[in-house]
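Chemist: Residue 503 is where the sequence shown ends in the working numbering, and the numbering goes up by one at each step.
Hints listed in this document are in silico derivations from the structure and should not be mistaken for laboratory results. Wrong hints could be hidden among the right ones.
[To be verified] For lysine-lysine, the following DSS-like pairs were computed, each having C-alpha atoms within a straight-line distance of at most 30 Å:
#	residue 1	residue 2
1	Lys425	Lys403
2	Lys425	Lys445
3	Lys403	Lys445
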Amino acid sequence: ELRNSPRFCLLFILNMSLGLLGFIALDSVKRSFQDRLQDSAKSLLGADISVGARRLMTEDEAQTAMANLPKGTSSQNVLTLYSMVAHKESSALVQLRAIGPSYPYYGTIKLRNSPQEDSPSAGPLNTQTKVWIAPELLIQLDVALGSMIRIGDRDFEVADVIEEDIASSLGANSMAPRIYLGIDQLEA
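Please build the complete structure, drawing on both the sequences and the hints.
Modeler: And the structure:
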């Protein structure tokens with residue numbers, strides 16, 4: 316075969332080499348992505364484990380979930396829902412994320428007016444009627460820091476702007492900009 320069609324044989328070997336090289340490169344990218352995802356899984360989730368439901372969990376369901384965790388495990392509720400927010404004549408659909416004072420356990424939330432070293436404390440969101448908003452809402456609603464926005468029948472002060480939120484990497488399918496508020500404020 317080599318004597319009768321050397322060009323075909325050379326082309327065949329070249330194609331096989333390129334195919335094998337492509338397969339090896341694709342496998343390398345896949346392994347690299349899996350390793351990186353595994354290394355950053357906790358910070359992407361913001362915790363070790365997440366238990367979720369599309370409705371409020373009953374007390375029995377919450378107790379069953381906690382009973383299956385190791386003794387001494389700390390937990391917190393995070394409630395995510397969609398709502399309308401208004402400012403003057405403007406309104407927008409937003410994703411509300413009601414968080415506890417220690418959110419997140421892993422990873423960071425970077426705010427425009429907070430020190431960049433640490434994730435800011437969500438404690439004030441639970442004791443005051445303040446929210447952190449996504450930057451696109453500044454334009455959509457024509458608000459600034461200190462402005463009051465209406466969520467439901469309550470007014471909240473825009474305390475800061477979310478610059479980087481590791482949790483939004485997982486929520487890429489979100490239909491609306493995110494607003495963080497204290498879970499205690501949502502329940503009030």
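Chemist: For each hint, tell me whether it holds in the structure or not.
Modeler: Consistency of the hints with the structure:
1. For the hint linking Lys425 to Lys403, the alpha-carbon distance of about 28 Å falls within 30 Å, and the restraint holds.
2. For the given pair, Lys425 sits about 16 Å from Lys445 by alpha-carbon distance, which is consistent with the 30 Å threshold.
3. Between the alpha carbons of Lys403 and Lys445 the distance comes to roughly 17 Å, so the proposed pair stays at or under 30 Å and holds.
In summary, the structure agrees with every hint in the numbered list given earlier.
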